[in-house]
Every structure is written in structure tokens, then in C-alpha cells.
Amino acid sequence: MSSPGSSPDPEVFRTRPGNRRRLTPDGQDVLDRLAAAGEQSAWLSPLAYNLTISHSHRFVWYRVAKVATRTIRHHCETHGVSLDVDHAMRVRYPLAAFADYVTFAFVRDPLDRFVSAWQDKVVDHNYYGFDVPTLERMQTVEEFARWTATHDLAAVPGTDQHLTLQSRMIDLNRVDFVGRLETFDRDFAEVCERIGAPAGPTTPKNQTAPGGRDRAVSDELRELVATMYRRDYQVFGY
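Residue numbering for the sequence shown follows my numbering, starting at 301 and increasing by one per position.
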């Protein structure tokens, strides 16, 4: 920063070559100095987000886990779109520095997203490190939903990113475009047009169907998810 009141050069923010989740020492130092300058400065976003940033295409992507993140990242990598901040975790970012960057995010029906997280992180992998008896119980999606309901899904840090409220993972006051997984082709094409990137990919593959592939969705699961993710349903209109 050239002076205490000036906005930092956005290009100082990059993630480390060997660690795509952490900022370089220079970038982290700038954030630390901004934070130390005092909360009243309003230089940093009040909340922290998982961010991907491209300086070449001037965008900030608020990453929402389980919503086409690998598809979007692969598209950028294969079409020459630099990801200077690759996958920074829980970062408060300098608002003024990125005021002229395009900001976007993608969301998904909360029920589909929850079931996808359960299938991937519980059934296919013991991501949460459950002991054997607990893991056996968690093979029932309703049991996993009851366990999830004991957490504060708005807490970041504190809640696993695959379960956090989607509305908490996006800076709703500053996002320019929110696309939907259900209309991904159309919406990502619009994002590509806005950021000056080549046309978007086809619909993401390996999506978990509602209820977990061919599994019927129980009334209990619908009610649990509707309660846990009420804010997402309200904000995004699902």
C-alpha cells in the first residue's frame, strides 16, 4: 500500500504455487496490515469467504462447495484463464481493490446439494472421520441430516464448507451475478461473456440426483433440509 488510506493493488493477492488455499506472504501481509488498521476503516469485507480471483480476467468467484467448482476451475485452466488466487479459504478481502472486478457465484437446490455432500463425504468417503458404528448409522441420509442439524451452518470458520449455508458463502451485498446449477449451461455462458472468457462447458457431470441417485426422498429429509437451509431457500427462491 502506498499510503494508509490507499487501496492496495489487487494483483498483490495471489495464492502460493505449492498451496492453492493460502495467500502468498506478501498478499497475507497486506491483509494483516489492513486488519490491524482498525475495523472502522471498512477496507476489508466484514465476513470471510472462499475466493478464486483472476487478475487477467478481473473477476472474483465466491466458491460454493458442491456447486460445479471442479467444472468451473477445469474450464478456466483449459482456456487460459489465470487463477491468481486459486482457492483461498476464509479470506476477508479488500473491497475497494476489487470494486471493478466482476463478482459471481453459483448455487444449487439445497436438498440436492445436501444429498450430494452426504453421498460424496459419507457414503463414498469417510470425510468427517466418523468411527465405525457412527459411520454405519450415517449411511442413512436422515441420520446424517440430524447430525448436521446440530451445527451452526452459518458459522465460518466452524462449519465444513460442504454443509455451510450457500447464502453465507457469497457476499450478497457485492455479487454481480448468481447462477444456478439447474441452468448451468446458460448461466455459465453469461459469466464467460462478462469476464471475456471462451464459451462455457457443458452441464457438470457426476451430479447426484435428488435424494441420492435413485433413492426416494423422505418427508423427514425434506423437512430437516428445509429447516436447516431456510435462509438459502428464501434468498435464492428455491
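No lab work stands behind these hints: they were computed from the structure. A hint or two may mislead.
Said to hold, decoys possible - Pairwise CB distance ranges, derived in the manner of DEER restraints: (1) 499 x 449: 36 to 44 Å; (2) 434 x 374: 32 to 40 Å; (3) 458 x 356: 45 to 53 Å; (4) 425 x 530: 24 to 32 Å; (5) 370 x 531: 34 to 42 Å; (6) 526 x 458: 20 to 28 Å.
Every residue gets a Cβ at the ideal spot worked out from N, C-alpha and C, and that includes glycine.
How the hints compare with the structure:
1. The hinted range of 36 to 44 Å is satisfied by residue 499 and residue 449, whose Cβ atoms lie roughly 41 Å apart.
2. Distance hint check for residue 434 and residue 374: the Cβ-Cβ separation is about 34 Å, which falls inside the suggested range of 32 to 40 Å.
3. For the pair residue 458 and residue 356, the supplied restraint of 45 to 53 Å is violated, since their beta-carbon distance comes to about 34 Å.
4. Between residue 425 and residue 530 the CB atoms are about 28 Å apart, so this pair conforms to the stated range of 24 to 32 Å.
5. Between residue 370 and residue 531 the CB atoms are about 26 Å apart, so this pair departs from the stated range of 34 to 42 Å.
6. Taking the beta carbon of each, residue 526 and residue 458 are about 22 Å apart, inside 20 to 28 Å as hinted.
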